[in-house]
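Participant: Here is how the chains run, residue by residue.
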Amino acid sequence: DSGVTQTPKHLITATGQRVTLRCSPRSGDLSVYWYQQSLDQGLQFLIQYYNGEERAKGNILERFSAQQFPDLHSELNLSSLELGDSALYFCASSVARGRLGETQYFGPGTRLLVL
Amino acid sequence: EDQVTQSPEALRLQEGESSSLNCSYTVSGLRGLFWYRQDPGKGPEFLFTLYSAGEEKEKERLKATLTKKESFLHITAPKPEDSATYLCAECSGNTPLVFGKGTRLSVIA
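Chains A and B supply the protein sequences, listed in that same order. Under this note's numbering, read the first sequence as residues 1 to 115, first letter to last. Under this note's numbering, read the second sequence as residues 1 to 109, first letter to last.
Please keep in mind that the hints were generated in silico from the structure rather than gathered at the bench. Just so you know, these numbers come straight off a predicted model, no measurement behind them. All the pointers check out, no bait thrown in.
25 Å max Cα-Cα, derived PhoX-like pairs, lysine-lysine:
1) B/42 with A/9
2) B/101 with A/9
3) B/101 with B/63
4) B/57 with B/101
Bound conformation, chain A alone:
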């Protein structure tokens, strides 16, 4: 158990819908990262937040957005869902300083299926 929690574990929805994925980092970690993992693309970095502020952005679609709240939990919002958005979504957190090169600890993931 990494100490990172994610809810829900599974999500089934329809095209065009909007969903919210939730992540709680390890105690004491200020940085939260979101990743998407699909069969053909592997693990892809989406976005990083550090202490409530956006720190780095990867291959995140405009239909996707994220935020980190004062209690440090984070939410990833996916809207106008398409079949191709079906994937595993992982959250990770790292130790308090939020610098590059820190070890990231991953949560168990949310499996999203868009029908």
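Since chain A is already given, all that's left is putting chain B on it; use the hints.
Facilitator: Leaving out everything else, chain B in the frame of chain A:
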């Protein structure tokens, strides 16, 4: 563009048959090279972080090494429970982690 290449894509070993997995990275200014283990449907589990060429780290049957261009994950006398996908990732520039596509390891009893 940063790129991490892992080989082989899949590896099948007999129990006790030692081998190595390769991870090549192309970026300069490496700030960290990471190894994770991932079981099907689960989140990646952290194994090692390497920061400079020549560095080595060990954990049970696993040993990770780093050169200026690549990293190796050596598996000594593997057991069936070592079966998993092993992911390599690099950290540099503005992107926290760039992952390779992984090596699927199967260890047969």
